[in-house]
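Visitor: Please arrange chain B on chain A, whose structure you already have, making use of the hints.
In case you want the letters, here they are:
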Amino acid sequence: MKVKEIVRMVIVLTVVCAVWGGALSIVKKVTEPQIEYQRIKNIKAPALKKALVVDYDNDPVKDRIKVVVGKDKRGRDIVKNIFLAKKGGKIVAVALEAYGAGYAGNIGVMVSINLPSETIGGIAITTHSETPGVGTRAIESKKFKDQFKNKSITTNFAPGSGTIDVVSGASYTSRGIMMAVQHAVEIYKKIKSKIGV
Amino acid sequence: MSRIVQEFTKGLWKEVPPFRFVLGLCPTLAVTSSVSSAIGLGCGVIFVLLVSNFLISMFRNFIPSKIRVPVFIVIIASAVTIVELSMEAYFYSLYRVLGIWIPLIVVNCLILGRAEAFARKNPILYSIADALGMGLGFTLSLTTLASIREIIGAGTWFGIRVMPSSYIGFKLLQKPPGAFICLGLILAFMNFISLKIEGKNA
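Quick mapping for you: the protein sequence lines, in order, are chains A and B.
Position 24 (the first sequence) corresponds to 51 in the working numbering; numbering is contiguous.
Position 63 (the second sequence) corresponds to 93 in the working numbering; numbering is contiguous.
Calculated from the structure, these hints are not laboratory results.
All of these numbers come straight from a predicted model, not from anything done at the bench.
Incorrect hints may have been included.
Partial pick of chain A residues on the chain B-facing surface, computed with a CB cut under 8 Å [said to hold, decoys possible]:
| hint | residue |
| --- | --- |
| 1 | Cys44 |
| 2 | Val54 |
| 3 | Lys55 |
Using N, Cα and C, we set each Cβ at its ideal position, and we do this for glycine too.
This is chain A alone, in the form it adopts within the complex (with noise of 0.2 Å):
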């Protein structure tokens, strides 16, 4: 009796449990993309928006496409979305996310590269934990940004090479952007040809 009921609870438990998992990985699955959509939509086109300065015609959240652009450690494949912008259905900027060290963890900057010319359109930052009213002041800062528009993506971006002028008082911010810009334009130049521009 005592064994039955015990045996009884575990089967319960376990259905249950089973059960709902499957019903939890459908749903999962049925809303998985649309949450991906929603997610860029709100937090990167924004930056996306700002960083892109060309006249396009479409939505370049929805014609992204998703590259593999390396191996992390453990040997999984980083994907990275790419946006397109495309005017009459032709691809006139590519636009990418990359990471840059700041003074305080990561800055996610969005850089457009314009086709055919290959120069940066514009960059847009993402996200940042720099220090408000000191590293913040290179994050919006218009002159600087400026500086890296309409530069060849064969230009030096990388801090030290003597491109881009820092914002003074701001150099570690400044820097973490400059690596992050100089981070995408080498993913770009990696993945040209598999977007076919």
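Guide: Below, chain B alone, put in the same frame as chain A:
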């Protein structure tokens, strides 16, 4: 039939959850600073309550009473996760506003309370009526509280300005303590009316 009506309507006045049972207060105080978020959370609670009451009542004879609480929690938590995922996918702005309060529906005493006190002892139809009544009562209470807070506190209703533009708002009501004060006043008012009604009947 009359019992179904009775089970449904008791949630609307006689046993209206946040005011009578004073259950589920945490989200009540937190999300009632605007009417739209109050209704959003209310809808989430109605859905979870319906699913949990329905399933628990359907399987009430199969669930051994010793493990009923874990089974209830699994059912409730899964329903809440469904709400969370679909809200993030289709009502993103609402999802951002409600934030942590959506997963916290799991620990809303109201839901476990109804499962424990009602659904596990009653047939499906009554349980559904109970869930709808209680859920609606909860949503209406939240909406009432939120309306008072939003109109007096910020001068808007559903985000639309209802007070003259010179009205600067009563900031206290927008803050959690203001919710407490409002709740207390509503509670007192409802008790006052109930006493009046009872006095007449007696």
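Visitor: Against each hint, give a clear statement of whether it holds in the structure.
Guide: Now the hints, each set against the structure:
Residue-level restraint check for cysteine 44(A) holds (minimum Cβ-Cβ distance to chain B is 6 Å; threshold 8 Å). Taken as an interface hint, valine 54(A) checks out: its beta carbon lies about 5 Å from the nearest beta carbon of chain B, inside 8 Å. Taking 8 Å as the C-beta contact cut-off toward chain B, the hint placing lysine 55(A) at the interface holds, the least distance being around 6 Å.
Consistency note: the structure conflicts with none of the earlier hints.
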